[in-house]
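Chemist: As they're listed, the protein sequences go chains H and P. First residue of the first sequence: 5, per the working numbering; consecutive thereafter. First residue of the second sequence: 1304, per the working numbering; consecutive thereafter.
Treat the hints as calculated values from the structure; they're not laboratory data. We put the beta carbon where it would ideally sit given N, CA and C, even for glycine. Be a bit skeptical, because a hint or two may be false.
To be verified - Which chain P residues face chain H? A few, computed with CB under 10 Å, are given here:
no., residue
1, Phe1389
2, Lys1393
3, Cys1433
4, Gly1538
As the list claims (entries may be wrong) - Computed footprint of chain P on chain H; a stretch qualifies when at least three of its residues, placed anywhere within it, have a C-beta under 8 Å from a C-beta of chain P:
no., stretch
5, 44-50
6, 201-214
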Amino acid sequence: MRLPPARGVALSLLLLTAILFPLLVDNPYLVSVVITAYVTAIAVYGLDVMLGYTGELSLAQGGFFGIGGYSAGILMATYEVSFWIALPAAVVMTAALGYVIGLAALRTRGDYFAIFTLAVGVMIVIIIERWEGVTGGTDGLIGIPPPSSIGPLRFDSLTAQYYLVLFFLVLTIYVVWSLVNSLVGRTFVAVRNSEELARAVGIDAGKTHQLSFVISAALAGLGGALYAVFLGYIGPAMGGVQMTFMMLVYLMIGGVASLAGPLVGTLLVTGLMQFLQAFAEYQMMALGPILVVVIIFFPKGLAGLAKLLPERWRR
Amino acid sequence: MSAPLLRVEHLGMHFGGLKAVDDVDLDVPEGEITAVIGPNGAGKSTFFNVVSGFCTPTTGRVALNGVDVTGLAPHRIARLGVARTFQTTKLFPEAEVLDNVIIGRRQHTKSNVLDAILRTKRLRTEAAECRERARQALEFAGVLHLEALPVGSIPQEARKRVAIALALVAEPQLLLLDEPAAGINEEETSGLTALIRKVVESGIAVCLVEHKMRMVMDLSDRIVVLNQGKKIAEGTPEEIRGDPTVIDAYLGGSSHA
Ligand SMILES: Nc1ncnc2c1ncn2[C@@H]1O[C@H](COP(=O)(O)OP(=O)(O)OP(=O)(O)O)[C@@H](O)[C@H]1O
Ligand SMILES: [Mg+2]
């Protein structure tokens, strides 16, 4: 399970680039775009745990992202709880909600599961909008403070926040990697490949789905909480169905069930959207055809494409 | 006398008006091969589905070593020592042969999410042990040389052997084989017959559903005949061979393969 040396080198280089990025790029706007991409990517990894490895499409991911954001935001802005407590609390709350929703949603599979979770996503937005006293309704919630400093480490600068978010992104990737390369990940994949056979060989498919769904929700909660704190603001849109679909686009373009996929897809599409911002209204119109092309020609996304290349070279 | 490994009493599985299994009594003793035969649609696969927990019976009970397991979920029954194969050979697609068999060992492991994230010793030991057991099972089934190939790329006979390895890796007490020899030639069938005999010799009881009469007659200690869900005969291969009811209902005089 140890990384082959070539991959180790490549990974170290990538990490080094990520670490040097805010120092080399003297453009706060660009840095904040990348931060947004990182936090979103964390939730996209969650989506991939459920879709890529366990084989069920959860369309509540945006909703969970919102729950994480609102949990952290409300705790910090309204109750003045420290970020360092609010963040784990937000993750636990989102995971717990994921567990409860999973109990009902996971009675279904496939299209029905997707539709059920889509409905859950819609309901989450409605609740956020209606529960004005707590969430600030459609206006959202402002005044979420930056993370409090720990010792000499301060988090009020953009660069510091970049590193904080990068830390959690790397942590997420590590967690997903270690899950995927373990008996737990094998169990997810077995259930994806054939639920019937998995049950016949003694795997509790229901429990496996439930576990994957909770992990998936927890990662959405983590991403959402970081997003809210980074922006200092949350609105209902961040928990919306559109958010879910953007995450799905990132994942499809980056590639499902690949470790690089969620990050590559999120960075690339976010970048592309920035580039297309001049044509604000046409952004989504451009994205549609791109998604169609990717799904038709590279069904495993760009990460899948990258995997094919070295194989060709080796021959 | 102690209870038999598997005892099925008054078992019925009704789908609407159709009695796929109708009031069947059957024992599978330890260390033996019990065959369940019958014409198409007799209810053989349904019988397996009930015993392995995929269907909850309409009537009757299923007991393992004297313990009632009727209506338990498939994974619970598997963990009680019942392994099965499927009529249309099922393997995990998009995975390599060894990876397929490794997962069959998962029921004996305890590693959880925390073990995975913290890369604990337990996880590493269990992962290594699963791999080792899986390779042993593949070797037993004679397909270890295929371990690194994707299951989609191996021949039909090898797939059947891998499916048996996947069932055996859990070290079951009882193995249910649903038409293990369907779709393979005579030579391959005799190879598979030898494998099944080896399974029984290793101490595992086998319940065999098969249309290939030669294989059934060669292997079985006892044969149970189903027709339209009902048990119409039971006995040794010699008794069944000469039973006019069976010949009438099932063999029809012609399909004696
Ligand atoms: N889930 C189900 N729902 C409704 N009917 C079913 C179901 N499963 C099986 N049956 C019916 O039960 C009867 C017995 O089917 P079963 O598959 O058990 O037969 P079999 O003895 O295995 O036949 P074969 O030799 O063709 O495999 C058939 O008429 C079948 O259509
Ligand atoms: Mg059948």
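Chemist: Now tell me if each hint is right for this structure.
Modeler: Comparing the hints with the structure gives:
no.: 1; hint: Phe1389; in the structure: holds (7 Å)
no.: 2; hint: Lys1393; in the structure: holds (5 Å)
no.: 3; hint: Cys1433; in the structure: holds (7 Å)
no.: 4; hint: Gly1538; in the structure: violated (30 Å)
no.: 5; hint: 44-50; in the structure: violated (count 0)
no.: 6; hint: 201-214; in the structure: holds (count 9)
The structure does not agree with the numbered hints 4 and 5 stated previously, though it agrees with the rest.
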